[in-house]
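Number of protein chains: 2
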Amino acid sequence: MFEMDLRLQQDSLVLGDFPLCRLLLSKDANYPWFILVPKRAGVSELFDLSPDDQAQLWKETTCLAETLKTEFAADKMNVATLGNVVSQLHMHVIVRRHGDAAWPAPVWGKVPAVEYGPGQVDAIRQRLRVLLDDTYEEA
Amino acid sequence: MFEMDLRLQQDSLVLGDFPLCRLLLSKDANYPWFILVPKRAGVSELFDLSPDDQAQLWKETTCLAETLKTEFAADKMNVATLGNVVSQLHMHVIVRRHGDAAWPAPVWGKVPAVEYGPGQVDAIRQRLRVLLDDTYEEA
Numbered sequence: 642m643f644e645m646d647l648r649l650q651q652d653s654l655v656l657g658d659f660p661l662c663r664l665l666l667s668k669d670a671n672y673p674w675f676i677l678v679p680k681r682a683g684v685s686e687l688f689d690l691s692p693d694d695q696a697q698l699w700k701e702t703t704c705l706a707e708t709l710k711t712e713f714a715a716d717k718m719n720v721a722t723l724g725n726v727v728s729q730l731h732m733h734v735i736v737r738r739h740g741d742a743a744w745p746a747p748v749w750g751k752v753p754a755v756e757y758g759p760g761q762v763d764a765i766r767q768r769l770r771v772l773l774d775d776t777y778e779e780a
Numbered sequence: 642m643f644e645m646d647l648r649l650q651q652d653s654l655v656l657g658d659f660p661l662c663r664l665l666l667s668k669d670a671n672y673p674w675f676i677l678v679p680k681r682a683g684v685s686e687l688f689d690l691s692p693d694d695q696a697q698l699w700k701e702t703t704c705l706a707e708t709l710k711t712e713f714a715a716d717k718m719n720v721a722t723l724g725n726v727v728s729q730l731h732m733h734v735i736v737r738r739h740g741d742a743a744w745p746a747p748v749w750g751k752v753p754a755v756e757y758g759p760g761q762v763d764a765i766r767q768r769l770r771v772l773l774d775d776t777y778e779e780a
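So the protein sequences, as listed, match chains A and B. Our numbering puts the first residue of the first sequence at 642, with every later residue one more than the last. Our numbering puts the first residue of the second sequence at 642, with every later residue one more than the last.
Next comes chain A alone, as it looks inside the complex:
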């Protein structure tokens, strides 16, 4: 039975669902920072997923990254699964821009998180609703 890790619940907002993954938004307005969490129990490493689920994770990750790159005017997309702190498998898909708060360093641990202001998260939800294909269901 799939349950989201408590730390992921605390540090992010649920935006919606793809067929395999729940889509989260990190509570850090420094960067448009998204996280995909496969809705499978007991999975920590990529290779813990079945081959079909692996292919689906790759598809959801790559499609999301490609969409975000254009629509959020990224200079580079950062895609990573680390899991040293939260062992539940999750994939970061982060829009990076020249001159963002951590550029060119990776985002983790670089600068304190900044809270989203009123309406900003709703604006992101609305943008995604239009951008993502019909396999995406808003929460």
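I should point out that these hints are in silico values taken from the structure, not numbers from a laboratory. Source: prediction; values computed, not measured. Careful: at least some of the hints might be erroneous.
Since copy identity is lost for identical chains, a pair holds within one copy or between any two.
[To be verified] 25 Å max Cα-Cα, derived DSS-like pairs, lysine-lysine:
{"hint": "1", "residue 1": "Lys700", "residue 2": "Lys680"}
{"hint": "2", "residue 1": "Lys751", "residue 2": "Lys710"}
{"hint": "3", "residue 1": "Lys668", "residue 2": "Lys751"}
{"hint": "4", "residue 1": "Lys710", "residue 2": "Lys668"}
{"hint": "5", "residue 1": "Lys680", "residue 2": "Lys668"}
{"hint": "6", "residue 1": "Lys710", "residue 2": "Lys700"}
{"hint": "7", "residue 1": "Lys751", "residue 2": "Lys700"}
{"hint": "8", "residue 1": "Lys751", "residue 2": "Lys680"}
Following the hints, complete the assembly by docking chain B onto the known chain A.
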């Protein structure tokens, strides 16, 4: 025509080749830190690869991570493509252990690189020769 980025050449050693990717070892003995570079020209983002190449990159990445996890006794594998400094597409596949030099932080920019001692790189080459399947060719 595929050419390796100069920064990647400086910071790593060539170990061998998979069908799609060149396999590098980062010149940092703090962690068994490997890098896969697709042998394609002009590719920066995952989605710049053809669908077939994407599937192959995923396969090479996941197989390498699974093999390293067991054989190098990883507590967690870190898999990431960032590219903020070196824009040529490259995938980090890093063996992480509780108590390693950066644990539990990501490895980038955390502690200075440590040089490999005499024989250490050859030992890694030998281990990989035995571990990896016959799609791998040692350089």
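We went through each hint and held it up to the structure:
In this homomeric assembly, Lys700 and Lys680 come within 25 Å of each other (Cα to Cα) both inside a single copy, at 15 Å, and across copies, at 21 Å. For the identical chains of this complex, Lys751 and Lys710 are intra-copy neighbours only, at 22 Å inside a copy versus 27 Å across copies, given an alpha-carbon limit of 25 Å. For a Cα distance limit of 25 Å, the shortest separation of Lys668 from Lys751 qualifies both inside one copy, at 15 Å, and across copies, at 23 Å. With identical chains, the CA atoms of Lys710 and Lys668 are at most 25 Å apart within one copy only, with a shortest distance of 20 Å there and 31 Å across copies.
For the homomeric pair Lys680 and Lys668, the shortest alpha-carbon distance inside one copy (20 Å) is at most 25 Å, but the shortest distance between copies (37 Å) is not. In the homo-oligomer, the alpha carbons of Lys710 and Lys700 lie at most 25 Å apart both inside one protomer (15 Å) and across protomers (24 Å), since each shortest distance falls under that limit. With identical chains, the CA atoms of Lys751 and Lys700 are never at most 25 Å apart, being 29 Å at best within one copy and 31 Å at best between copies. When the C-alpha separation of Lys751 and Lys680 is checked against a cutoff of 25 Å, the pair qualifies neither within a copy, at 29 Å, nor between copies, at 32 Å.
Violated hints, in rising order: 7, 8; the structure is consistent with all others.
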